[in-house]
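Number of protein chains: 2
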Amino acid sequence: MGEASEEVILLDFWTSMYGMRARVALEEKQIKYEHKQEDLIGNKSELLLRMNPIHKTIPVLIHDGKPVCESLIAVEYIDEVWKGKASLLPSDPYERAQARFWADFLDKKVYEYGRQVTWSRKGEEPEAAKIGLTNSIKTLEEEALGDKPYFGGDKFGYLDVAVIGLCSWLHTYEIICNFNAATECPKLVAWAKRCMERDSVSKSLPEPKKLYEAILGFKKVFGLD
Amino acid sequence: MGEASEEVILLDFWTSMYGMRARVALEEKQIKYEHKQEDLIGNKSELLLRMNPIHKTIPVLIHDGKPVCESLIAVEYIDEVWKGKASLLPSDPYERAQARFWADFLDKKVYEYGRQVTWSRKGEEPEAAKIGLTNSIKTLEEEALGDKPYFGGDKFGYLDVAVIGLCSWLHTYEIICNFNAATECPKLVAWAKRCMERDSVSKSLPEPKKLYEAILGFKKVFGLD
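Protein sequence lines, in the order shown, are assigned to chains P and B. When the count follows UniProt numbering, it moves up by one through the first sequence with no breaks and lands on 225 for the last residue. When the count follows UniProt numbering, it moves up by one through the second sequence with no breaks and lands on 225 for the last residue.
I should point out that these hints are in silico values taken from the structure, not numbers from a laboratory. Keep in mind that a hint or two might mislead.
Pairs count within a copy or across copies, as identical chains cannot be separated in the list.
To be verified - Once the Cα atoms are required to be at most 27 Å apart in a straight line, the calculated DSS-like pairs of lysine-lysine come out as:
(1) Lys108 / Lys56
(2) Lys108 / Lys130
(3) Lys148 / Lys66
(4) Lys83 / Lys209
(5) Lys148 / Lys122
(6) Lys109 / Lys220
(7) Lys44 / Lys138
(8) Lys66 / Lys187
(9) Lys108 / Lys219
(10) Lys138 / Lys66
(11) Lys155 / Lys56
(12) Lys66 / Lys155
(13) Lys209 / Lys130
(14) Lys44 / Lys108
(15) Lys187 / Lys203
(16) Lys148 / Lys56
(17) Lys209 / Lys36
(18) Lys138 / Lys56
(19) Lys187 / Lys56
(20) Lys66 / Lys109
(21) Lys138 / Lys108
(22) Lys220 / Lys29
(23) Lys109 / Lys56
(24) Lys220 / Lys32
(25) Lys155 / Lys122
(26) Lys210 / Lys193
Next comes chain P alone, as it looks inside the complex (with noise of 0.2 Å):
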């Protein structure tokens, strides 16, 4: 198939860690897409229950009609479809093993505790969750980033795409869990900011500020605030 008759789209949502990665890794591969943002409040596109009728949730990247579902097995797919253009995963079986442990760890660990502070009502946030999700952060700085320039080593990689949205969200994790980043993961910091200088990066995440008012917003609709 030629390239130039692909049809990439991408069904999304501007505030999501998930969404970012698989904007990232396209705009990494310079590949053009379509970007269709979903309500994801009561109103998902028929496009989206077509297209993911098994969890309903975005990003779903679709390529020539048929749906990719799950961020870090599209950004995998991306890779290996576009392989020619900036590879993504390490070449090495056990680097690839351990980036997949990492974006893994991420999930289960980071975003997980990550969700359940940001979506907790107001006098009842779950104190051992922003302990958890203060640690995992600090635990995925010191094990898997450690001295490198990205968690990719010296080049950004499929580890520095799973990890990209925290660029983004780090901010409204430090107030809601009343930690300070740039003492507390320094290196942390200094990778996000290497990040976004990165064309691919910037032009695909939101404002750090930007994002924590949205999610204000948001849990005042939720009536969590």
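The hints should help you fit chain B onto chain P, whose structure is shown.
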């Protein structure tokens, strides 16, 4: 590195549906490995704690001293390292994405509901999880298996390895959820029977009734009966 010098160790526990994946993948590739049973109740080995300090869970595949944690990641690692023998993942990127999607569904839905119903206290059985478990098993059969002999199509592959634990666990889930697999998901039952005829599976999986009795024993130990 020559295969003769390779050391492969699997830290495991015999009832684990996750451990079963690693066992079957190793057997499919005809890889000799040392199988170490862990004492998971309060006495994990020093080796396990050192090899998986983040989650402290089994299975851990240790290849020439280096750990690969998380079962689906271990299966992909095995498939990538021992390439020549019985390829597990489909070669087509879209089919790979689909196989990964359903493996992820299995962990997020089937086994998560399975965990909730198995380890609930007597009289506190979570009814919603029972319904979720039976419905997600049926979804897996209808949407991912269908009329194919294997989840991988004509050929036993990655998704079959991911689902393999159901060959042993289905019996336990039937009793807990009071559902009849033979009538409610006959294609899945036929698939399980087909899989159990493979050497790689039959030598790696426990007998379903023995597994159920062990679960009853563990629930007694934990004071859940």
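Copy assignment of Lys44 with Lys138, given that the CA separation must stay at most 27 Å: Cα proximity of Lys44 and Lys138: across copies only (25 Å, versus 35 Å in one copy).
With identical chains treated as interchangeable, where does the CA-CA distance between Lys209 and Lys130 reach 27 Å or less: within a copy, between copies, both, or neither? Close inside one copy (20 Å), not across copies (42 Å); limit 27 Å.
Given a CA cutoff of 27 Å, do Lys66 and Lys155 count as a within-copy pair, a between-copy pair, both, or neither? For Lys66 and Lys155, only the inter-copy Cα distance (23 Å) is at most 27 Å; the intra-copy one is 31 Å.
Within a copy, between copies, both or neither: which one fits Lys220 and Lys29 at a CA-CA cutoff of 27 Å? Neither. Shortest intra-copy (38 Å) and inter-copy (55 Å) distances fail the 27 Å Cα cut-off.
Given identical chains, is Lys210 near Lys193, meaning Cα to Cα at most 27 Å, within a copy, between copies, both, or neither? within (17 Å within a copy, 55 Å between copies)
With identical chains treated as interchangeable, where does the CA-CA distance between Lys109 and Lys56 reach 27 Å or less: within a copy, between copies, both, or neither? both (22 Å within a copy, 14 Å between copies)
Since the copies are identical, ignore which copy is meant and state whether Lys138 and Lys56 lie within 27 Å (CA to CA) inside a copy, between copies, both or neither. between (32 Å within a copy, 18 Å between copies)
At most 27 Å between alpha carbons: which applies to Lys148 and Lys66, within, between, both or neither? Answer is between: at 21 Å across copies they meet the 27 Å cutoff, but 37 Å inside does not.
27 Å Cα threshold - placement of Lys122 relative to Lys148: Answer is neither; intra-copy 38 Å and inter-copy 50 Å both fail.
Cα distance capped at 27 Å. Does Lys66 pair with Lys109 within a copy, between copies, both, or neither? Between copies only: 23 Å across, 30 Å inside.
If the cut is 27 Å between Cα atoms, do Lys220 and Lys32 qualify within a copy, between copies, both or neither? Neither, since 36 Å and 58 Å both go past 27 Å.
Is it within a copy, between copies, both, or neither that the alpha carbon of Lys138 lies no farther than 27 Å from that of Lys108? both (15 Å within a copy, 25 Å between copies)
Violated hints, listed in ascending order, are 4, 5, 11, 22, 24 and 25; each of the other numbered hints is respected by the structure.
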